[in-house]
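Peer 1: For reference, the chains in residue letters:
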Amino acid sequence: MNEKPAQRSAGAPNDPTTAARLRAVVTTAWVAGVFSAFVCGALVWNSFGMLAANPVDAQSIGALKTHLAKRPNEEKLKRQIRAKDLQLRQAFFRRQRLASAGGYLLLAGIVVMLAAMKSAGALLKRRIRPKRRGKDSLRERSPGRPALLGMGAVLGLAAVAVILPGRLSFLEAVAEKDPSGKDSVPTEAEVRQQWPQFRGPFGLGVAGSAELPVSWDVNSGQGVLWKTEVPLPGNNSPVVWGDNVFLTGATDKAREVFCVDAKSGAVRWHTPVNEVAQRPAKPREVMEDAGYAPATCATDGRRVYVTFPNADVACFDLDGKQVWARGFGWPNNSYGHASSLAINENLLFVLIDQGTADDHASKLYALDTATGSTAWEKPRPVGSSWATPVLVPIKDKPQLVTIADPWVIAYDPKTGEELWKAECLSGDIVPSPTLAAGRLVATEPYNRAVALKTDGHGDVSKSAVAWEGDEGIPDIASPVGNDLFLFAVATEGWVVCYDAVQGKKLWEKELELTVHASPIIVGDKLLIVSNEGTVVVLGVGGEPKEIARMELGEKANATPAVVDGRLYLRGVKHLFCLGTK
Amino acid sequence: MRRWLNVVRVAWAPLLLTSVAWAMERFPPPDFETAYRLPKTQVPLPRTLLQEYLDVALLALALSLAAYLVYKRRSRRELTLLSVFSVAYFGFWRKGCVCAIGSLQNVSLALADRAYHVPLTVVAFFALPLVFALFFGRTFCAAVCPHGALQDLVLVRPVKVPAWLERALSLLAHVYLGAAVLFAATGSAFVICRYDPFVGFFRLSGSYGMLATGAGLLLLAAFVGRPYCRFLCPYGVLLRMLSWISKWRVVIYKYRCTLCGICPEACPYGAVLEPTPPAGAAGSRQPRLALLGAQVVALMAVFGWVGSRVAVPLSASHPTVSLAERVYLEDAGKVKGTTDASANFRNSGQSSKELLDQAGVIAHQFASGGWLWGAWIGLALGGMLFAQSLPRERAEYEAERGACVACARCFEPCPGSRKAAADTETERPGPAAL
Chain A
1 MNEKPAQRSA GAPNDPTTAA RLRAVVTTAW VAGVFSAFVC GALVWNSFGM
51 LAANPVDAQS IGALKTHLAK RPNEEKLKRQ IRAKDLQLRQ AFFRRQRLAS
101 AGGYLLLAGI VVMLAAMKSA GALLKRRIRP KRRGKDSLRE RSPGRPALLG
151 MGAVLGLAAV AVILPGRLSF LEAVAEKDPS GKDSVPTEAE VRQQWPQFRG
201 PFGLGVAGSA ELPVSWDVNS GQGVLWKTEV PLPGNNSPVV WGDNVFLTGA
251 TDKAREVFCV DAKSGAVRWH TPVNEVAQRP AKPREVMEDA GYAPATCATD
301 GRRVYVTFPN ADVACFDLDG KQVWARGFGW PNNSYGHASS LAINENLLFV
351 LIDQGTADDH ASKLYALDTA TGSTAWEKPR PVGSSWATPV LVPIKDKPQL
401 VTIADPWVIA YDPKTGEELW KAECLSGDIV PSPTLAAGRL VATEPYNRAV
451 ALKTDGHGDV SKSAVAWEGD EGIPDIASPV GNDLFLFAVA TEGWVVCYDA
501 VQGKKLWEKE LELTVHASPI IVGDKLLIVS NEGTVVVLGV GGEPKEIARM
551 ELGEKANATP AVVDGRLYLR GVKHLFCLGT K
Chain B
582 MRRWLNVVRV AWAPLLLTSV AWAMERFPPP DFETAYRLPK TQVPLPRTLL
632 QEYLDVALLA LALSLAAYLV YKRRSRRELT LLSVFSVAYF GFWRKGCVCA
682 IGSLQNVSLA LADRAYHVPL TVVAFFALPL VFALFFGRTF CAAVCPHGAL
732 QDLVLVRPVK VPAWLERALS LLAHVYLGAA VLFAATGSAF VICRYDPFVG
782 FFRLSGSYGM LATGAGLLLL AAFVGRPYCR FLCPYGVLLR MLSWISKWRV
832 VIYKYRCTLC GICPEACPYG AVLEPTPPAG AAGSRQPRLA LLGAQVVALM
882 AVFGWVGSRV AVPLSASHPT VSLAERVYLE DAGKVKGTTD ASANFRNSGQ
932 SSKELLDQAG VIAHQFASGG WLWGAWIGLA LGGMLFAQSL PRERAEYEAE
982 RGACVACARC FEPCPGSRKA AADTETERPG PAAL
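Which chain is which? The protein sequence lines are A and B, in order.
Quick note: the first sequence uses my numbering, first residue 1, plus one each step.
Quick note: the second sequence uses my numbering, first residue 582, plus one each step.
Simulated from the structure, these hints should not be mistaken for lab results.
Glycine residues also receive a C-beta, built at the ideal position from the N, C-alpha and C atoms.
Hints should not be assumed to be uniformly reliable.
With beta-carbon atoms standing in for the labels, derived distance ranges [claimed, not checked]:
| no. | chain 1 | residue 1 | chain 2 | residue 2 | range |
| --- | --- | --- | --- | --- | --- |
| 1 | A | S220 | B | L910 | 24 to 32 Å |
| 2 | A | I163 | B | R654 | 30 to 38 Å |
| 3 | B | P743 | A | D57 | 46 to 54 Å |
| 4 | A | A101 | B | G964 | 44 to 52 Å |
| 5 | A | I163 | B | S788 | 27 to 35 Å |
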């Protein structure tokens, strides 16, 4: 093996002509290099100038435009803006032309410099010396293995750096909880055994169980399983699922969601609910009777969903951690937004009726319970209302029914498609609808109750009315019914019973109480809670029959909840659990 | 031909003007209170099909010429002139587009998405260099690719990269290739184009970041030969693989190898392999092929799993996933306000659930593609380790098939190329076709 082969020439040129040429090309390379560096510096300086002179983003003109927004008619300001804009544009495009010319100059400079350097290299004719070989083994001349493994490790670390932040974990939150890839939803049977929303399963006011305690004494504690103080006030009703009782409380300064252990009454957790919607410049008034937490929350046993008069909706898991929150803007509602949430399978329904029908501002939203994202939303041709949507399981195809002035509208809960609607109401609609003898009963406060057939399609205003009643019509408490009877309780304490099939009044009874809470049916009993804190139990039948009358010991405005023979009642200060087990 | 070209140009013009006029009608200008007159909208004329065919023809011609210059003429000077032409035409004149490197993304997307139609000229840009590589090795890199030619032209004072570092860094090109195919096939981004370090120079404009990166790479290329080609170019991975099985390969000497050891020093790219001792010589060991094979499979499995996990966060580069993330965060109250994209989405009436479902599908595609990407990296790493362990017998200096870019720098210094150094006057047979 040759170590020092002969080459053409070596080292600096001896020939004077070649040396002179070498000096010339080296000088050319230096001059071109300095020129290129200068042009590059000028281009960088110019680019900073272009940033400052950008007519779109320039701060100087932005400040003037902000002033103009406050004083839109000031002509002097407009002229100033136009002049400044023209100045900036001229400067920008001048610099842009400079940058373009500079780019070509830089390219030329670099080309000349490189050509001179190459020429100099050719003239110098660097001598190539062979490297002495001393390594003969394969391993010694293949040193790449550890380096390759090292590079593999580096790539692995880089992968960890990408994975660790957990970006896009929302896709996992959306995707799976069970092998089918969908979040699990409660079955209808499960829902009927719990008290998941305002007025219980599907919002119809009928308990799934038939057991109801009818005797207790809050002074001695007999029949009182527990009594827990609720720190923040609210007129919303408790909702119950399994061992959890949920309710909200709020003042104008604070609002919280509470989880109470259904067995012991201990507060498991309470979490503040931050405001999402921006407060309007002129704060909306909240009616004193309604309070700051009038709407009842909802639960599906997996999470609890809450809402407040500013139409914020938030979701918490069973440990009290917020999962999501949405703001829909403060509704324009004369008495304050108070519709409770309704829930079915994996959808949460938020009814925001506001203004008048001509304002076209009312909407019904269906939110995905897992993420809060909007599954569908429907504009509604109605004005303000305070009723809560109910889910009517009719012919195995449930209907989500809403009532307001002037329409009763039934939707497909999964898609939001309008199934039928009837124009039959007017006034301030507060009581929620109910189901009685398979008919949807809607009440127009102090005026009438209308029973509608639910098997129509489209506008059934003229054909859907099965019967109407006008006695004992409530203005606040929602009516309740079963297959035979419909019960309505007016604020003045009058209870009226109708034949649910024919709409004929069967009896009426005066309780001598004030009632805002909605009555509920538990088995063959009708439970009514008065504002004074008196609980009256009547028999469900064609004749009036008072079974029991107990005292709560404090005022109460909320609708009760009944699960597994336990009665959950919210007074103005405490949450009571009444029963024997 | 000229008349036909003029007819085409004339035919295009009214169509363009009509479309511009229609746009102006659809969005009528405001009534200016002053004497200001709205300037006419100017639209650049599109490139004609004939010009695109001309580009393909020039590419084929340049490839043929490069092969001729490497195998027949063996002239470094003439290759340099061809490099200058390539930089001038394919680089500055055509502004670096269409290029063979970027075309692999178009082809990837076309294979993954039937709705995407890739022009035949782009397919030609993708395929022609590969076809030439099958026969002549990396003649595309020799003097035709504007990126390689640019780096080659700025090489002033080559510095040797240690072999171990060369091996390790060459893995990056495989990672880049996999990433480029993954992002292109999922319709997310053409990352090769987006992060092309030299296209800013060809267009004399670009973002500060990319211009600075390109300048840095060129400065590096002045000393470390062709850093982009050797360590980053994704298309180079394909050329490298095809060059291993090319019909002809670059031979350093013209007559015979004198074993002088000059060519490894003349090559600035570390692409010359030294002679090795015969098999069974002291210090050599027979490799355990089964173990090496198992190593490759294990690496593919491990990297495949890692790739599937990495790919999901990277799917945020897809506009749909990015939008879904933003909408989700807004709905969850974790960010305030909206962006233009999220505001437009909410006005569109499309449900958030649908958007999230679409994002989930795309993320799933990334997860599946990530498995392939990772397995590819594992295969590349395992293959390199495998190759490192195999004994090779070489009796003379050879240009490494995959690494040699046929720049012809080793030809002139080689004493074996001079007739006087040959014992016989028999030339070593070259490509018979030439």
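Peer 1: Look at each hint and say if it fits the structure.
Peer 2: Hint check:
1. Between S220(A) and L910(B) the Cβ separation comes to about 54 Å, which falls outside the hinted range of 24 to 32 Å.
2. The supplied range of 30 to 38 Å is broken by I163(A) and R654(B), whose beta-carbon atoms lie about 52 Å from each other.
3. The beta-carbon spacing between P743(B) and D57(A), approximately 47 Å, falls within the hinted interval of 46 to 54 Å.
4. With their beta carbons about 50 Å apart, A101(A) and G964(B) fall inside the hinted range of 44 to 52 Å.
5. Range check, I163(A) to S788(B): about 28 Å between beta-carbon atoms, so the 27 to 35 Å window is met.
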